[in-house]
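Sequential numbering of the sequence shown, starting at 0, is according to numbering that gives the first Met the number 0.
Bear in mind the hints are in silico, worked out from the structure with no lab data behind them.
It cannot be assumed that every hint is accurate.
Label-pair restraints from in silico Cβ distances [said to hold, decoys possible]: (1) 1 x 33: 28 to 34 Å; (2) 1 x 31: 26 to 32 Å; (3) 29 x 3: 17 to 23 Å; (4) 4 x 29: 16 to 22 Å; (5) 13 x 45: 18 to 24 Å; (6) 31 x 5: 27 to 33 Å; (7) 33 x 2: 26 to 32 Å; (8) 12 x 38: 15 to 21 Å.
Beta carbons are placed, not taken as given, at the ideal position from N, Cα and C, and that holds for glycine.
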Amino acid sequence: MLNIAEMSGSITGAGKLTKIGEGQLVLSGDNTYSGGTSIEQGRCKLVAVTV
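Build out the structure end to end from the sequences listed, making use of the hints.
What follows is the structure, encoded as structure tokens:
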């Protein structure tokens, strides 16, 4: 069974996003963070939201 976590809010600031652990992270918010992204394990799905 695949665990899925979804973040629909905005991620902002100078911090780095690191995905660890099995499962999938879904990002669907208006993200403007500038520290980079690292996927160490599992999957990360980016969803574009158009109004």
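Do the hints match the structure? See the list:
Under the hint 28 to 34 Å, the C-beta atoms of residue 1 and residue 33, about 30 Å apart, fit the expected range. Taking 26 to 32 Å as the suggested C-beta distance range, the pair residue 1 and residue 31 conforms, at roughly 28 Å. Here the CB-CB span from residue 29 to residue 3 is close to 20 Å, well matched to the stated 17 to 23 Å. Evaluation of the 16 to 22 Å hint for residue 4 and residue 29 yields a pass: the beta carbon distance comes to about 18 Å.
The beta-carbon spacing between residue 13 and residue 45, approximately 20 Å, falls within the hinted interval of 18 to 24 Å. Against the hinted window of 27 to 33 Å, the Cβ-Cβ separation of residue 31 and residue 5 comes to about 18 Å, which falls outside the hint. Between residue 33 and residue 2 the Cβ separation comes to about 28 Å, which falls inside the hinted range of 26 to 32 Å. At about 19 Å, the CB distance of residue 12 to residue 38 agrees with the hint of 15 to 21 Å.
The structure fails to meet hint 6 from the earlier list, while all remaining hints are met.
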